[in-house]
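Protein chains: 2
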Amino acid sequence: MPEEEKEPLPEEEAELEEETKDESGIDVEKTSLEELREVIAKKDRQGLLSIFERVPTIDIAEAADDLEPTELIYIFRNVESSWTADFFDDLTQDTKERLVQAMTDKDLVKLINSQATDDIVDTVGDMPANLASRVLKAADKEMRADINALLKYKDGTAGALMTTDYIELIGSLSVEAAMKAIRERGKDAETIYTIFVRNRQREFVGTVDLDDLIFADPQDKLDDIMNSDVVSVQATTDQEEVGQIFRRYDLNALAVLNDDDRLVGVITIDDAVDVMTEESSEDMARMSNMEPTEKPYLELSPWENAMKCIPWIMALLVLGTFTTMVLNRLESKAIFTNLPILIAFVPMLMDTGGNAGGQTTGLMIRSLALKEFSPKDIHRVLWREFRSALVVAAAIASFSFFWLLIEQYTGIVELGVLGEGTGSRVDLSGMNIWKGNCWNWEFGYHALINAGLIGVTMFAAVTVAKLVGTLLPIGAAAIKKDPALLSQPLLTTVMDVTTLMIYWAVAMAFFPQFAS
Amino acid sequence: MPEEEKEPLPEEEAELEEETKDESGIDVEKTSLEELREVIAKKDRQGLLSIFERVPTIDIAEAADDLEPTELIYIFRNVESSWTADFFDDLTQDTKERLVQAMTDKDLVKLINSQATDDIVDTVGDMPANLASRVLKAADKEMRADINALLKYKDGTAGALMTTDYIELIGSLSVEAAMKAIRERGKDAETIYTIFVRNRQREFVGTVDLDDLIFADPQDKLDDIMNSDVVSVQATTDQEEVGQIFRRYDLNALAVLNDDDRLVGVITIDDAVDVMTEESSEDMARMSNMEPTEKPYLELSPWENAMKCIPWIMALLVLGTFTTMVLNRLESKAIFTNLPILIAFVPMLMDTGGNAGGQTTGLMIRSLALKEFSPKDIHRVLWREFRSALVVAAAIASFSFFWLLIEQYTGIVELGVLGEGTGSRVDLSGMNIWKGNCWNWEFGYHALINAGLIGVTMFAAVTVAKLVGTLLPIGAAAIKKDPALLSQPLLTTVMDVTTLMIYWAVAMAFFPQFAS
Numbered sequence: 119m120p121e122e123e124k125e126p127l128p129e130e131e132a133e134l135e136e137e138t139k140d141e142s143g144i145d146v147e148k149t150s151l152e153e154l155r156e157v158i159a160k161k162d163r164q165g166l167l168s169i170f171e172r173v174p175t176i177d178i179a180e181a182a183d184d185l186e187p188t189e190l191i192y193i194f195r196n197v198e199s200s201w202t203a204d205f206f207d208d209l210t211q212d213t214k215e216r217l218v219q220a221m222t223d224k225d226l227v228k229l230i231n232s233q234a235t236d237d238i239v240d241t242v243g244d245m246p247a248n249l250a251s252r253v254l255k256a257a258d259k260e261m262r263a264d265i266n267a268l269l270k271y272k273d274g275t276a277g278a279l280m281t282t283d284y285i286e287l288i289g290s291l292s293v294e295a296a297m298k299a300i301r302e303r304g305k306d307a308e309t310i311y312t313i314f315v316r317n318r319q320r321e322f323v324g325t326v327d328l329d330d331l332i333f334a335d336p337q338d339k340l341d342d343i344m345n346s347d348v349v350s351v352q353a354t355t356d357q358e359e360v361g362q363i364f365r366r367y368d369l370n371a372l373a374v375l376n377d378d379d380r381l382v383g384v385i386t387i388d389d390a391v392d393v394m395t396e397e398s399s400e401d402m403a404r405m406s407n408m409e410p411t412e413k414p415y416l417e418l419s420p421w422e423n424a425m426k427c428i429p430w431i432m433a434l435l436v437l438g439t440f441t442t443m444v445l446n447r448l449e450s451k452a453i454f455t456n457l458p459i460l461i462a463f464v465p466m467l468m469d470t471g472g473n474a475g476g477q478t479t480g481l482m483i484r485s486l487a488l489k490e491f492s493p494k495d496i497h498r499v500l501w502r503e504f505r506s507a508l509v510v511a512a513a514i515a516s517f518s519f520f521w522l523l524i525e526q527y528t529g530i531v532e533l534g535v536l537g538e539g540t541g542s543r544v545d546l547s548g549m550n551i552w553k554g555n556c557w558n559w560e561f562g563y564h565a566l567i568n569a570g571l572i573g574v575t576m577f578a579a580v581t582v583a584k585l586v587g588t589l590l591p592i593g594a595a596a597i598k599k600d601p602a603l604l605s606q607p608l609l610t611t612v613m614d615v616t617t618l619m620i621y622w623a624v625a626m627a628f629f630p631q632f633a634s
Numbered sequence: 119m120p121e122e123e124k125e126p127l128p129e130e131e132a133e134l135e136e137e138t139k140d141e142s143g144i145d146v147e148k149t150s151l152e153e154l155r156e157v158i159a160k161k162d163r164q165g166l167l168s169i170f171e172r173v174p175t176i177d178i179a180e181a182a183d184d185l186e187p188t189e190l191i192y193i194f195r196n197v198e199s200s201w202t203a204d205f206f207d208d209l210t211q212d213t214k215e216r217l218v219q220a221m222t223d224k225d226l227v228k229l230i231n232s233q234a235t236d237d238i239v240d241t242v243g244d245m246p247a248n249l250a251s252r253v254l255k256a257a258d259k260e261m262r263a264d265i266n267a268l269l270k271y272k273d274g275t276a277g278a279l280m281t282t283d284y285i286e287l288i289g290s291l292s293v294e295a296a297m298k299a300i301r302e303r304g305k306d307a308e309t310i311y312t313i314f315v316r317n318r319q320r321e322f323v324g325t326v327d328l329d330d331l332i333f334a335d336p337q338d339k340l341d342d343i344m345n346s347d348v349v350s351v352q353a354t355t356d357q358e359e360v361g362q363i364f365r366r367y368d369l370n371a372l373a374v375l376n377d378d379d380r381l382v383g384v385i386t387i388d389d390a391v392d393v394m395t396e397e398s399s400e401d402m403a404r405m406s407n408m409e410p411t412e413k414p415y416l417e418l419s420p421w422e423n424a425m426k427c428i429p430w431i432m433a434l435l436v437l438g439t440f441t442t443m444v445l446n447r448l449e450s451k452a453i454f455t456n457l458p459i460l461i462a463f464v465p466m467l468m469d470t471g472g473n474a475g476g477q478t479t480g481l482m483i484r485s486l487a488l489k490e491f492s493p494k495d496i497h498r499v500l501w502r503e504f505r506s507a508l509v510v511a512a513a514i515a516s517f518s519f520f521w522l523l524i525e526q527y528t529g530i531v532e533l534g535v536l537g538e539g540t541g542s543r544v545d546l547s548g549m550n551i552w553k554g555n556c557w558n559w560e561f562g563y564h565a566l567i568n569a570g571l572i573g574v575t576m577f578a579a580v581t582v583a584k585l586v587g588t589l590l591p592i593g594a595a596a597i598k599k600d601p602a603l604l605s606q607p608l609l610t611t612v613m614d615v616t617t618l619m620i621y622w623a624v625a626m627a628f629f630p631q632f633a634s
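Top line first, the protein sequences correspond to chains A and B.
Its first residue numbered 119, the first sequence is counted upward by one per residue in my numbering.
Its first residue numbered 119, the second sequence is counted upward by one per residue in my numbering.
Next comes chain A alone, as it looks inside the complex:
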């Protein structure tokens, strides 16, 4: 790789993460806790500013998370708010709270009013009441009103994501006038790349992209150049939908309307990106039967981590009882006591059933999340999955048939193994593919039947698994439940039990002579 020619900066050698990033060809300056400590201790304002000029704020914030509040306050007093605004937002919630506690009212007022409203709302939302009220007191009247308004929206809705710092102009305005308005009011706006246009009735009618404004004739009216084919959502819309809309329509910003079609807020792409990440993390957690968390891994305490795991394992354990029950009953059937070797294949059969179903469930969960189809398409999807299920089942069945022969002929599984003195009706103990130096027909015959038995069971199990794996997530989505929530855990149990029943039924058919 060409990057290796470049020799890494001293800090980068120190911090390991950088190194890997460097290898992967990403070029970004970093800082370290030590460097920050040093410039602050030396009250070296220039040095501090140069760090902010060189290094993206989020990287500074990451290094700064372990600074003392007093040290942090030095930063906020000496760096201009255009930087500290992002810097504060990039700190961890915990550090933010320590800081708010330690700051003087004067510093706090400066800090809070330099922040974007929606960022402050997120922070305040997670703060203990006493700190939250400190922040609210610090915010100026108008901002406080906005914060309180936004705090009302339920987490996970468009309302909770949106900001009130946007630019809305009336359509009759000329491009020239619009640019003037943007220059005046744009500084506090979260984005000026999308301008929102309203009519005389204050209803939202469309958007104008900043670049269109720039290319347009100064005398044009916004009405003439705006895009009227725009998407908008309600404040109650689920954030997952918001992510899908940004993805589908390649938006920079999305209008949030109330019931009278008036603009109440705007969601920007950076927040939408976070939501997409959050939503797919959630699905992945669900897929591995775990409670999702919004915290980054290293902020998650081992205890919290455990609490996310335990309920699901317990639930699955209880569900698993059905498997125990069925196996417990079947075990006592003559067929299994006579041919205990059949038991040895049970885990393999169950795993395969689970795997085949899991693939389909995973595919369904993802496609539903990306709105590639909706529960209403169930017939279409089911028919597709049925056909591919047959292909997969046929392939796996024939493969396992031959694999089973190999397993037995090579002695990987010992056909004869029955345990001492279990007095089985067929004594295959220590039986082997060769009797003396000639082919052992009895063995060959048994091995063949076993292989056939597994093959047929596989075919049925895989087909059923794929269909169940299709129905569970779509069913969940149809009743407006998170497809990832129910499908995965249910699948295992359903398939374990189904596979066992199929296995038993087929075994009875294949070995009628040992069935009693």
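To be clear, the hints were calculated from the coordinates, so they are not data collected in a lab.
Fair warning: this is a prediction, and the values are worked out from it, not measured in the lab.
The reader is advised that the hints may include incorrect statements.
Note that identical chains are pooled: a pair holds if it fits in a single copy or bridges any two copies.
Claimed, not checked - No farther apart than 30 Å at their CA atoms in a straight line, the calculated lysine-lysine pairs in the DSSO-like style are these:
id : residue 1 : residue 2
1  : Lys489    : Lys339
2  : Lys224    : Lys255
3  : Lys413    : Lys598
4  : Lys413    : Lys599
5  : Lys426    : Lys494
6  : Lys298    : Lys494
7  : Lys598    : Lys494
8  : Lys270    : Lys228
9  : Lys413    : Lys494
10 : Lys426    : Lys599
Got chain A sorted already, so can you dock chain B onto it with the hints?
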């Protein structure tokens, strides 16, 4: 929900997807194949344009995918290219190819040169050679050069994602001059929201956001207002990294540099969003042991679908052989032939081990994908997981102990079930918690031991599972393999076998008297 008051538009009643969207508070106009067919058949140019004014192009494209090439060509001839450019890009690859085949050279030239270079590159890259060469012929000289240059980069790298339609200006330029340059050259640029700044040596030195230009004094130099704390990547950088950078640094556009630090291309947020989606879909596919695909579900034929599934199930089946082997051997041990009830718990134990490990693996895969930590942090992570593993193991162990008692006392599992005539040394056949009307001590004793056996096995199995579940993905990442690729399949096998061995060992310790 307030939306329910609104009555849906006629088309929306027709198409089911809309309805659900409407419920969720998303407000967007739609069209349908029928509507398009009608306006085209009637050669109703106005009607067609009004659709494009009302409806986002991607929704039109979705409806238009089933139109005849001749009908599509009518659209391209009558709608201005500012719309048809996006419209073409939103069509499915298959439709694009049918169209390119059917178009006259004249139409094709107009279409291709209205396209963004990186979009054309994606399309051409997947086209059969004869069509690809048609497209290249249609492109003007400069564009053809760009396309050929971009086609060189390996799929999945920054180079393959980037566009060459960007604005790069020299830092000594004044804001006024810059705005002039943007007005002149900005129309063909993919984005003008981020302007890329170079020095006299043509090296990339920073970026200027369009809004900063607008707020700046016309006489300022770009050097003075530009952000110099910018991230950039190499053309060889993996697209997963690109997604992470956009997420981390909230970028609108990212600079791609060559070894001489010169700008060779730019990646825009919309492409980055697609990459993030693609990458997390890939991880999810891996997590459900399936080959990832880039195609949306409904474009994936059942056959292709099956091909994504089969290899993995087969691989897992072969891996599963170890489980069969071990169980096959253990089955013959006196302990299991004497107490066949123990076999009934095997699937539950295996599932729990798999689930506990799966949770951790899922968490690791996701955290690694989001760069929440790197393989170098393995000690830290392992120590965290070890502690939470102990908590989980303790909880599950004690829970399963009591659950096992319940299972047995209620007769959910029948302790006595041994099958007729297996001549076990302990005959618990039909044994029950009550002997006549008094407590059956022998039963109680056995049930208790069984519960204890399961509890202890659970504790060991869960602890091991969590540690294995941590090590597999981090190990994979450390050797630069996709953590999701190896961890999931290996985990099941490793845990199945490990759990069995633990179970057997503990059983021997608990039932020495039945161990031979």
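Outcome of the hint check:
For the homomeric pair Lys489 and Lys339, neither the shortest alpha-carbon distance inside one copy (37 Å) nor that between copies (47 Å) is at most 30 Å. For a Cα distance limit of 30 Å, the shortest separation of Lys224 from Lys255 inside one copy, 11 Å, qualifies, whereas the shortest one across copies, 66 Å, does not. Taking CA atoms no more than 30 Å apart as the test, Lys413 paired with Lys598 passes in both settings, with 26 Å inside one copy and 25 Å between copies. For a Cα distance limit of 30 Å, the shortest separation of Lys413 from Lys599 qualifies both inside one copy, at 23 Å, and across copies, at 25 Å.
With identical chains, the CA atoms of Lys426 and Lys494 are at most 30 Å apart between copies only, with a shortest distance of 25 Å across copies and 33 Å within one. Taking the closest pair of Cα atoms, Lys298 and Lys494 never come within 30 Å of each other, the shortest separation being 49 Å inside a single copy and 52 Å across copies. Taking CA atoms no more than 30 Å apart as the test, Lys598 paired with Lys494 passes inside one copy only; the shortest distance there is 12 Å, against 41 Å between copies. Only within a single protomer do Lys270 and Lys228 lie at most 30 Å apart by alpha-carbon distance; the minimum there is 25 Å, versus 51 Å between protomers.
For the homomeric pair Lys413 and Lys494, the shortest alpha-carbon distance between copies (20 Å) is at most 30 Å, but the shortest distance inside one copy (34 Å) is not. Within a single copy, Lys426 and Lys599 get their C-alpha atoms as close as 19 Å, and across copies as close as 27 Å, so both meet the 30 Å cut-off.
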